[in-house]
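Spelled out from the first residue to the last, the chains are:
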Amino acid sequence: MALGKLMTTARAWLDATLRAICVTLFALLVGLVVWQVFTRLVLGQPSAWTEEAARHTFVWASLIGIAIAVGEKADVIMDFLVARLPLRGQRIADLIAYLATLAFVLYVMVFGGIQQSALAWGQQNPLLPLTQGQLYLVLPISGALLTVYLTIHIVETLSRRYVGHVGNDEDLEAASL
Amino acid sequence: MIDPGTISAILIGGLVLLLAVGAPVSISIALPSALCMLLIVDFERGAITAAQQMLGGADSFALLAIPFFILAGVIMNSGGIAERLINLARVLVGRTPAPLVQTNVIANAIFGSVTGSAVATAAAVGTTMSPMQRREGYDRAFSAAANVAAAPSGMLIPPSNTLIVYSLAAGGTSVGALFIAGYVPGILWALACAAVVFVYARRHPELRGEPWPKASVVLTTVWRAIPSLGLIVVAIGGIVAGFFTPTEGSAVAVVYALLLSFLYRTISVRHLPRILYDACRTSAIVIFLIAVSTIMAYVMTYARLPQLIAESLFGWTDSKVVVLLIMMLVLLLIGIPLDPTPAILIFTPIFLPIAVSYGIDPVHFGIMMVFNLSIAVISPPSAPVLFVGAQVANVKLEAVIVKMVPFLIVLIAMLFVIVFVPELSLWLPGLLGLL
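Which chain is which? The protein sequence lines are X and S, in order. Per numbering that gives the first Met the number 0, residue 0 is the first one in the first sequence, and the count goes up by one each step. Per numbering that gives the first Met the number 0, residue 0 is the first one in the second sequence, and the count goes up by one each step.
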């Protein structure tokens, strides 16, 4: 029980931290592009580094964002088939879906991402005070975060508290009662 | 040499299997593609190439317009703008019968063009309209179906993220030209839905139209809606006039939406983290989809699948009409399991060169593709807009699907009009000298 509580606290902390990072990166992104528009249209001298910085900020914000989206199960899924299965079938379908995601994340994002980052580690970005390898690090970082969330989902699916998919119809029937 | 048959079997089989067990659309594309990568090169190189493709696909300044238009939409959505635009639609509907459903249809077109999201539109307008419709004794399932059917018109009326994705996939077709080209087909979409409602209302005389409101009410309503519509004028006008790039225009849209919402005092600084977070999560899902679709496109090109698909689909005919019909049929079918974003990224490189060889303008082709895939977004069984529409109206999904049928028939008929009458898409951009 104590372990479960610790897990919940740790998860809440991780969620809050990632949200804060996403919000900061997104705000920074808006600032960078607005600055770019301002320098080009008002000052007549477009700033070269802002476009480069904006593109990388965007990739970072998106890849950290997808970790949270998967954590909150906000990604687009179609469970009209699964929702019609008995609970046991739903559990198996969910496990396959999570394991498939985990396989991709571990192989491409973590393993491939680390290799790619290592290859470009010393390659200086011409406009930013960072190397390409450092900028590529977001892929394995996002992969690691996804692994944490997917592990949590898998554990929850296997646990006795698993309730399955609440299908659209059942949900509405409950709501109209 | 890798066998194209094996690659396509893995890609299609994997997609169907993973979608069936309820895996996210992105993973249903990503995992089979990574598997193919393993067959093409060795374990280590496969992982690196896939990782490179992912980052390469997401790393584009043109794509940046997407999160910004999403952010502007989220701001507008939480800024009490919906109510002003619904009132405007109510005035525009005038004395037509079944006024509350017609208002819903027209409001979806207006609100959809401001937020650019079919799901957000169906949710926002449907939530406001369905209690009113229910109080007045409207059929709930039919009202919900009209709400769902009209929601994607905003995917054609600019700003449109789907058209931005197409511009990218088509190798840089002008976003300004695409945006302007989307107006007439987008408005026709809404009018097609309005026509279905009109015919329905003829058979339900109890849903009478209401007398025109007083001129003063009309003027106040229009006046109150003008600032919200100004977003479109500033952002789209600036992009079309070449004053700024689509990405810059989208950033201007964010600033405009923010200033307007602060002015209306509907949001304050302390709401900003929540808004930024919502927009970040939504755009992350879109961008992730683009990143993994890039892996799939790489694998397909490696196995020469685009050429093979083109040959087997179109090799036996040289009739422009037949070719276009096949393309539209394939897209309608593929759009049902697939999201518009991957469908555009994967099929544009295959279809566009063939279409161009038959003398079709890339702008016109983009519009027909987006129109087509927008129908798929509301076609059962797998349609997020449909789920949301049924949910906010508190109706059973099956009941809404039955009432969707006339809308889908009319919209598919309209698709063929859009396909075979290029002037509908090209007249307006031609007039502005954008072609």
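Be careful, since some hints might not be right.
Facing chain X, according to a computed beta carbon distance under 10 Å, are these residues of chain S, among others [stated by the list, open to error]:
id, residue
1, A29
2, G236
3, A240
4, G241
5, F242
6, G248
7, V291
8, F415
9, V416
10, L431
Just so you know, the hints here were simulated from the structure itself, not pulled from any lab data. No experiment lies behind these values; they were computed from the predicted model shown. Built from N, CA and C at the ideal position, the CB exists for glycine as well.
Against the structure, the hints come out as follows:
no.	hint	in the structure
1	A29	holds, 5 Å
2	G236	violated, 14 Å
3	A240	violated, 12 Å
4	G241	violated, 12 Å
5	F242	holds, 8 Å
6	G248	holds, 9 Å
7	V291	holds, 8 Å
8	F415	violated, 27 Å
9	V416	violated, 30 Å
10	L431	violated, 21 Å
Figure legend: structure checked against the earlier numbered hints; hints not met, in rising order: 2, 3, 4, 8, 9, 10.
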